[in-house]
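Here UniProt numbering is used: position 171 in the sequence shown is 171, and no number is missing along the way.
Hints are not guaranteed to be accurate.
Cβ pair distances, simulated, as ranges [to be verified]: (1) L509 to L168: 48 to 56 angstroms; (2) R78 to K426: 38 to 46 angstroms; (3) V45 to E354: 29 to 37 angstroms; (4) D220 to P457: 48 to 56 angstroms; (5) D61 to I474: 47 to 55 angstroms; (6) Q493 to A382: 45 to 53 angstroms; (7) I383 to D483: 23 to 31 angstroms.
Just so you know, the hints here were simulated from the structure itself, not pulled from any lab data. Since this is a predicted model, take the numbers as computed values, not measurements. Where is the CB? At the ideal position from N, CA and C, for every residue including glycine.
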Amino acid sequence: MPSDSATRRMPSAGDAPRRLAAIDLGSNSFHLLVANYQGGQLQVVAKLGEKVQLAAGLDDDDRLSEAAMQRALDCLARFAPFIGDTPAEQLRIVGTNALRAASNSREFIDRAEAQLGHGIEIIAGREEARLIYLGAAHALAEVHGRRLIIDIGGGSTEYIIGENFAPLALESLHMGCVTYTRRFFGDGELSEKRFRRAELAALSELANIRRAYRELGWADPVGSSGTVKAAAAVLSAAGECPEGVIEREALFALRKRLIKCKRLDQVAMEGLKEDRATVFPAGVAILCATFEAFDLTQMRFADGALREGVLYDLAGRNTAEDSRRQSLATLRQRYGVDHDQAQRVAISAQALFEQVSENWTLADEQGQFLYWAAQLHEIGLAISHSQFHRHGAYLLDHSDLPGFSRPEQQALAFLVRAHRRKFPLKELDGLPPALQRPYSRLARLLRLAVLLNHSRPEAPASGVELVAKGDDLILTLHQPLDDAALLVTDLEQEVEYQAAAGFSLSLVLPATS
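Full structure from sequences and hints, please.
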């Protein structure tokens with residue numbers, strides 16, 4: 001099982017290329033990117049994008065319509081041949097704002113996962129921002145200095161300040177070209193009044209970050225994704241700006257041209273793709289508000305965004321560059337976790353995992369989550385000793401953890417919640433169906449690892465054998481451990497806890513003299 005104590009390295013230039021794939025389920029567009037990763041660079045193998053406008057299918061109750069889901073599934077059916085033989089560890093499929101907002105997103109995800117044969121992760125807004133910055137920063141690797149990255153999507157807009165490959169400020173605001181089209185131009189009419197209402201709404205969102213971002217400062221404003229790319233293309237085609245650059249005066253002249261179209265179905269400009277025309281004015285309104293809020297004079301376009309960021313992040317998984325490890329190390333430090341005890345429990349959990357992983361068909365990645373949960377199982381003590389397993393689960397479920405998707409955070413929080421007392425069947429039922437069986441098994445291993453180190457010994461418990469027969473566990477202690485009487489009492493109580501949850505745990509204890 002991988003662990004933080006293992007030696008890791010990033011692939012070197014001499015390594016064989018790794019085939020990586022990403023699908024970005026955006027609120028406006030779906031994108032597929034397949035690339036070979038070698039020497040720190042991506043070599044594109046396949047790149048596809050389709051306007052699905054998933055966010056346009058959200059009703060007033062935030063339910064995705066059947067028509068929107070079917071558009072999405074039809075698109076994924078066309079993507080499927082490109083990822084059919086990609087191993088799960090070399091592919092990530094991520095959902096963004098529309099799927100974060102949809103009350104019935106689980107229904108769509110279940111159908112999409114069945115069609116693709118791969119899991120789908122809904123990522124939080126700030127995690128989306130982090131991945132966007134990673135993709136854009138690699139596209140701008142030759143430029144040094146502090147950057148402001150803006151990515152106007154279909155349902156959200158991300159703002160990031162960073163240097164090199166490190167983000168310094170991350171934010172995801174609830175405004176996008178699809179949602180603002182519905183909100184301000186729903187009947188298709190374009191006017192100065194409506195355009196300004198859209199800009200003022202965007203300025204209201206930006207008011208929450210404007211001061212902090214301007215104080216942090218930047219030297220290089222950069223835009224990524226569809227709206228910025230389209231605006232740059234239109235301005236270049238009209239001869240008003242250099243290619244890939246948006247200048248303030250030209251942008252506000254474009255605003256006037258759009259208003260003169262009077263209706264969305266009349267928007268047609270050289271350089272503007274037909275399938276973006278109806279959401280283009282709303283995107284430009286957000287872009288104008290961004291220029292106004294941050295007093296920008298120009299912005300350039302970077303051809304690197306979420307999907308590229310997903311691939312670079314995937315390339316760093318299970319290496320020293322894994323952002324998830326860095327996030328959890330920060331969390332442990334912030335909440336003063338007892339490092340020695342966490343490590344003892346993690347080592348015991350690792351040993352138990354290695355004994356049953358084959359019979360239980362547990363993957364190394366799942367073992368990694370067990371190891372991390374063991375390192376964090378006491379994080380809730382920073383709030384209160386009473387019910388600290390619940391407090392720990394809450395912290396993990398609701399913190400911003402760069403590198404983790406929402407399902408990953410939920411799974412990690414479940415393990416911490418389940419590490420003591422009654423087995424939390426209700427919380428188990430709240431996990432995605434595909435995770436319930438493996439994570440119930442991981443939780444049982446974590447519970448045993450915690451008990452084996454309950455007395456906080458100087459070294460992790462040894463002489464412990466665990467056998468899995470189906471869902472039944474047989475735990476054998478080959479030698480007396482520290483505070484043996486206490487341990488036996490704890491284990492006998494654990495037998496009852498697991499039996500109450502429908503699990504079988506049998507004990508084989510050393511003979512006493």
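Going through the hints against the structure:
| no. | hint | verdict |
| --- | --- | --- |
| 1 | L509 to L168: 48 to 56 angstroms | holds (55 angstroms) |
| 2 | R78 to K426: 38 to 46 angstroms | holds (39 angstroms) |
| 3 | V45 to E354: 29 to 37 angstroms | holds (36 angstroms) |
| 4 | D220 to P457: 48 to 56 angstroms | holds (54 angstroms) |
| 5 | D61 to I474: 47 to 55 angstroms | holds (50 angstroms) |
| 6 | Q493 to A382: 45 to 53 angstroms | violated (26 angstroms) |
| 7 | I383 to D483: 23 to 31 angstroms | holds (27 angstroms) |
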